[in-house]
Amino acid sequence: MLHKNILLILFFLFCTESVFSEFPFKPVSPYPSEYKQFWFLYQSEKRLGEEEQIYRPFFSTYTETKSNYKYRTFLFPIFYSEQTDYWRVWSFLFFISGTESFHDDIGWDEDTLSPLLVWGKGETVRESYFGFFPFYGGMRGKIGYAELNFVLFPFYTSWKHKNYTARSIFWPLIMWGGSEVRDDLRFLPFYSQKVHKGKYERYSVLWPFIQWGNINQDKREPFSYLMLWPFYSSKSSEYGNMKAKAFFWLPIFGSLFSYGYDKRTHEKDLNIFFFIFQYGQNDDEDYRKLIFFPFYGYYRFAYKETRFLTPFYFRLSTDSYHLKSSETYFIPFWWRTNRTYVQWGREENYYKLWPFFRWHEDRDGNLTWNFLSLFPIKSEIVERIWDPVWSIVEYQRLANGEKRLSFLMRLYTQRWSKDELHIHIPFLVEYSNTPEKISYQFLYGLFGVEKDKEKTTVQILWWIKI
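Numbered by our numbering, the letters in the sequence shown go through residues 104 to 569 in order.
None of these hints come from the bench; they were simulated from the model. Incorrect hints may appear among the rest.
[As the list claims (entries may be wrong)] Computed Cβ-Cβ distance ranges for the label pairs, DEER-style:
# : residue 1 : residue 2 : range
1 : ASN452    : SER339    : 47 to 53 angstroms
2 : LEU151    : PHE356    : 35 to 41 angstroms
3 : LYS366    : PRO333    : 26 to 32 angstroms
4 : GLN186    : PRO397    : 39 to 45 angstroms
5 : LEU353    : LEU508    : 53 to 59 angstroms
6 : TRP437    : VAL308    : 48 to 54 angstroms
7 : LEU508    : SER200    : 53 to 59 angstroms
Just so we're clear, the structure is a prediction, and the values are computed from it rather than from any experiment. Glycine included, C-beta positions come from ideal geometry on N, C-alpha and C.
Let the hints inform the model, and build the full structure from the sequences given.
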């Protein structure tokens, strides 16, 4: 079979974040803010239509009122949740997760997935389910199936998809199922068949040693394949436009030697000594691959491109209609990302020299950099919550025109804009100078002075004002 470099693709998906997030998780509007801070432990910010509170590092909350969007964290990444009036999502260590969706016709649909417990509910009994894996239970409308049930898994399992129904005993060894166009039978390792009329026929005897079949029967040029594992496998098209052969194939490692070609797409592939040397190209799909593992690798598919030197240095790029990006990683010390959002005309830049320095200029025009950033990979949420706990220097230039500078884990913080200046020194001084008034507070009100255009007020012992 024609082999693609799956490891490089997985690395690309793992190391790149979502590039079109619909909602922010922090204040980003250009409006003036009401800001409060106590050391690195607490900060509160309000802008028109946005409100955020962080009790660092334990809890944070952000609300955007226009869409009623809410984002919550607890000791992130241990727990986070986000929701609107129409959907809710939460995750515990990205290991246990829940989703809820609102439908105009049936109301709320709720699902919870975990390694052992799964449950969900809808407006009818049919839409509700519960499972305590592996003992007993089922799911509805998940992982591509309309219904999935199990009893003492893998002793008994059954599933449905559209008109197709299947059952299994000691999965995956014994299975049978079918519909009007499908007929499946498996009694491993002795015999198996998967037949879909007009699409494919797959058979095996003494699996995995002998396998053969015909696929793509509904396409312009069907294929047939044969595998005598692990020594030999082949795949060829009905009219001879495509052929592929592999010798001594092993899972994960690939083939000791394999080659293939496709005349219609001008694709060529060659692997020598498993994954050590890989070469491939396809003019129709703009596919190129040249790898001398672990020293050098180049992989391109359509508008995505990956290069690596040793397993530690990677360079990824994307050049599409919506996004142009370039990312460089020297794991774990150096991370660089540049993204241009073509449809918005905005740019994002990120640099991290771990564990010393982080620089991030986001697509909304906010600039943040800090000295000491101990989390070894890029994660804006983790960095926003945790970095102030150990930062020596922080600087922010925000889209609303405000600037912020802090030293020594926010033992001193200064905020200023064209017309305002604020200084925070925890337990000691709060100073504010705005066009409306000037105020000083010592020891959070033990003694304070506030002066506006009409009068001067003196505060003594927190509650006495003169």
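Point to revise | Outcome of range test on Cβ distance (LEU151, PHE356; 35 to 41 angstroms) | key: violated, 58 angstroms
Review point. Does the Cβ pair TRP437, VAL308 satisfy 48 to 54 angstroms?
Key: 53 angstroms Cβ-Cβ, so the 48 to 54 angstroms window holds.
Check your understanding: Per the hint of 53 to 59 angstroms, is the separation of the Cβ atoms of LEU508 and SER200 within bounds?
Key -> Since LEU508 and SER200 have Cβ atoms about 38 angstroms apart, the given range 53 to 59 angstroms is violated.
Point to revise | Range hint compliance [Cβ, GLN186 to PRO397, 39 to 45 angstroms] | key: With a Cβ separation near 44 angstroms, GLN186 and PRO397 satisfy 39 to 45 angstroms, so the hint holds.
Review point. Are ASN452 and SER339 spaced within 47 to 53 angstroms by their CB atoms?
Key: Since the Cβ atoms of ASN452 and SER339 sit about 49 angstroms apart, the hinted range of 47 to 53 angstroms holds.
**Study point:** Satisfaction of the hinted span 26 to 32 angstroms by the C-beta atoms belonging to LYS366 and PRO333
**Key:** At 28 angstroms between Cβs, range holds.
Point to revise | Consistency of beta-carbon spacing, LEU508 to LEU353, with hint 53 to 59 angstroms | key: Given about 57 angstroms between the Cβ atoms, the range holds.
Hint compliance for this structure: hints 2, 7 are broken, all remaining hints hold.
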